[in-house]
Amino acid sequence: MPQHLGLIQDGHRRYARTKRLSDLTEGYNLGAAKTEQVLAWCGQLGIRQITLWWLSTENLARDPDDVAAVLNVIEQKLDDWVQGGLTERLGIQIRPIGKLDLLPAHAVKALQRAESATRDFQRVVLNVGVGYGGRQEIVDAVKGYLQDSFARGHSPEDVLGNFSPDAIDKYLYTNGPDPDLIIRTSGEVRLSGFMLWQSAFSEYYFCDVHWPEFRKIDFLRAIRSYQQRQRRFGK
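Counting along the sequence shown from 1, when you hit position 73 you're at 943 in the numbering used here, and nothing is skipped either side.
It should be emphasised that the hints constitute simulated quantities derived from the structure, not laboratory data.
Some hints could be false.
The list that follows gives simulated cross-link-like pairs (lysine to aspartate or glutamate, EDC-like), each with its CA atoms no further than 20 Å apart [what the hints assert, rightly or not]:
#1 K979 - D950
#2 K904 - D1078
#3 K904 - E958
#4 K969 - D1018
#5 K1040 - D1010
#6 K979 - E945
#7 K1040 - D1050
#8 K969 - E985
#9 K1013 - D1039
#10 K904 - D1088
#11 K1013 - D971
#12 K904 - E1058
#13 K1040 - D1028
#14 K969 - D1010
#15 K969 - D933
#16 K979 - D949
#17 K1013 - D1036
#18 K1086 - E906
#19 K1013 - E1027
#20 K969 - D936
#21 K969 - D1039
#22 K889 - D936
#23 K889 - E1058
#24 K889 - D1078
#25 K904 - D893
#26 K969 - E928
#27 K904 - E1083
#28 K1013 - D1028
#29 K904 - D949
Label-pair restraints from in silico Cβ distances [to be verified]:
#30 R1022 - T888: 47 to 57 Å
#31 K979 - G1023: 31 to 41 Å
#32 S1025 - D950: 44 to 54 Å
#33 G1023 - D950: 42 to 52 Å
#34 S1062 - G1023: 35 to 45 Å
#35 D935 - L970: 20 to 30 Å
#36 L891 - D949: 19 to 29 Å
#37 D933 - H1024: 41 to 51 Å
#38 L1066 - D936: 18 to 28 Å
#39 V1059 - I1038: 26 to 36 Å
#40 D936 - A1021: 34 to 44 Å
Beta carbons are placed, not taken as given, at the ideal position from N, Cα and C, and that holds for glycine.
Make the full structure from the sequences, and use the hints.
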């Protein structure tokens, strides 16, 4: 059973267009409702860590109205999950990951509220990627390592000598175990920059359905596919 599951929740806008929904926001709302279901499915299987990718750094360059719609759904759902008791019932600790300084203040506050309200829950760690990009994460991790090293008075020679994958790991946004399985919906067969550093030995599963249509049978097929594979970790 995977202990860390990564989810690239793709296909909200295409789903809305296919279904001829009057407002693209409906697609995001349905996707958020689907996320609630998937969190419950993960809880039933004992999956301890989940990383969601709700909004990438590249997505922030989309039409401002579209970005605002996504952020509004994210803010509303985070508040709903906390106030409605979902996070307490499932024991979910929410951890925002990404370049939060790229987001509007109200979105950052919503993420911080959810993080603060769920800090004591320990059953499941839920990394919420908003303004997240895998390449930017690596850049920020290297910067963090260099800044800390020089702040401690290390010489350039020591900084370079200690530079290693293990040294960088703790500066990543996730700062935890690498994902065992990454699921992407919508039929797109690419990572698009999701957890580039952490996914070196992850297993991938690509599903043809758009995220709002993702069913429990699709989820279980992904889990079964993972369980049937032999992970070698490069050996």
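Evaluated hints:
1. Restraint check for K979 and D950: satisfied, since their Cα atoms lie roughly 15 Å apart, inside the 20 Å limit.
2. Distance hint between K904 and D1078 is fulfilled; the C-alpha atoms sit about 16 Å from each other, no more than 20 Å.
3. Only pairs whose Cα atoms come within 20 Å are accepted, and K904 paired with E958 is accepted, the gap being roughly 18 Å.
4. With a CA separation close to 19 Å, the supplied pair K969 and D1018 stays within the 20 Å bound.
5. At roughly 11 Å between alpha-carbon atoms, K1040 and D1010 fall within 20 Å of each other, so this suggested pair holds.
6. Between K979 and E945, the direct Cα distance comes to roughly 9 Å. Compliance with the 20 Å bound is thereby established for this hinted pair.
7. Note on K1040 and D1050: the hinted pairing holds, with a Cα-Cα distance of about 18 Å set against a maximum of 20 Å.
8. At most 20 Å may separate the alpha-carbon atoms for a hinted pair to count; K969 and E985 meet this at roughly 15 Å.
9. Taking the CA atoms of K1013 and D1039, the gap is near 12 Å; set against the 20 Å cutoff, the hint holds.
10. The straight-line distance between the Cα atoms of K904 and D1088 is roughly 12 Å, inside the 20 Å bound, and the hint therefore holds.
11. This hinted pair checks out: K1013 and D971 have alpha carbons roughly 16 Å apart, not beyond 20 Å.
12. A C-alpha spacing of about 19 Å is found between K904 and E1058, which places the hinted pair at or below 20 Å, so the restraint holds.
13. Restraint check for K1040 and D1028: satisfied, since their Cα atoms lie roughly 18 Å apart, inside the 20 Å limit.
14. Restraint check for K969 and D1010: the C-alpha separation of about 9 Å stays at or below 20 Å, so the hint holds.
15. A threshold of 20 Å between alpha carbons decides the hint, and for K969 with D933 the separation of about 19 Å falls inside it, so the pair holds.
16. As the CA atoms of K979 and D949 are separated by approximately 11 Å, the hinted pair is consistent with the 20 Å bound.
17. Pair hint K1013 plus D1036 holds up; C-alpha atoms about 15 Å apart against a cutoff of 20 Å.
18. At most 20 Å may separate the alpha-carbon atoms for a hinted pair to count; K1086 and E906 meet this at roughly 12 Å.
19. Simply put, K1013 and E1027 have alpha-carbon atoms about 16 Å apart, close enough for the 20 Å limit, and the pair holds.
20. Using a Cα cut-off of 20 Å, the hinted pair K969 and D936 holds, with the two alpha carbons roughly 19 Å apart.
21. Restraint check for K969 and D1039: the C-alpha separation of about 17 Å stays at or below 20 Å, so the hint holds.
22. For the suggested pair K889 and D936, the alpha carbons sit about 18 Å apart, so the restraint of at most 20 Å is met.
23. For the given pair, K889 sits about 19 Å from E1058 by alpha-carbon distance, which is consistent with the 20 Å threshold.
24. The suggested pairing of K889 with D1078 holds, with an alpha-carbon distance near 16 Å, which does not exceed 20 Å.
25. Our distance criterion of 20 Å between C-alpha atoms is met by K904 and D893, whose separation comes to about 18 Å.
26. Only pairs whose Cα atoms come within 20 Å are accepted, and K969 paired with E928 is accepted, the gap being roughly 11 Å.
27. Using a Cα cut-off of 20 Å, the hinted pair K904 and E1083 holds, with the two alpha carbons roughly 8 Å apart.
28. As the CA atoms of K1013 and D1028 are separated by approximately 16 Å, the hinted pair is consistent with the 20 Å bound.
29. About 16 Å separates the Cα atoms of K904 and D949, which keeps this hinted pair within 20 Å; it holds.
30. Checking the proposed 47 to 57 Å range against R1022 and T888 shows it holds: the Cβ atoms sit about 54 Å from each other.
31. A hinted range of 31 to 41 Å for the beta carbons of K979 and G1023 is consistent with their spacing of about 36 Å.
32. Distance hint check: the CB atoms of S1025 and D950 are about 51 Å apart, consistent with the given range 44 to 54 Å.
33. Checked against the hint of 42 to 52 Å, the pair G1023 and D950 passes, with Cβ atoms roughly 47 Å apart.
34. Distance hint check for S1062 and G1023: the Cβ-Cβ separation is about 40 Å, which falls inside the suggested range of 35 to 45 Å.
35. For D935 and L970, the hinted distance range of 20 to 30 Å is satisfied, since their beta carbons lie about 21 Å from each other.
36. Taking the beta carbon of each, L891 and D949 are about 23 Å apart, inside 19 to 29 Å as hinted.
37. Distance hint check: the CB atoms of D933 and H1024 are about 45 Å apart, consistent with the given range 41 to 51 Å.
38. A beta carbon spacing of about 25 Å between L1066 and D936 agrees with the range 18 to 28 Å that was offered as a hint.
39. Separated by about 28 Å at the C-beta atoms, V1059 and I1038 satisfy the suggested range of 26 to 36 Å.
40. For the pair D936 and A1021, the beta carbons lie near 40 Å from each other, so the given range of 34 to 44 Å is met.
In terms of the numbered hints stated before, the structure departs from none.
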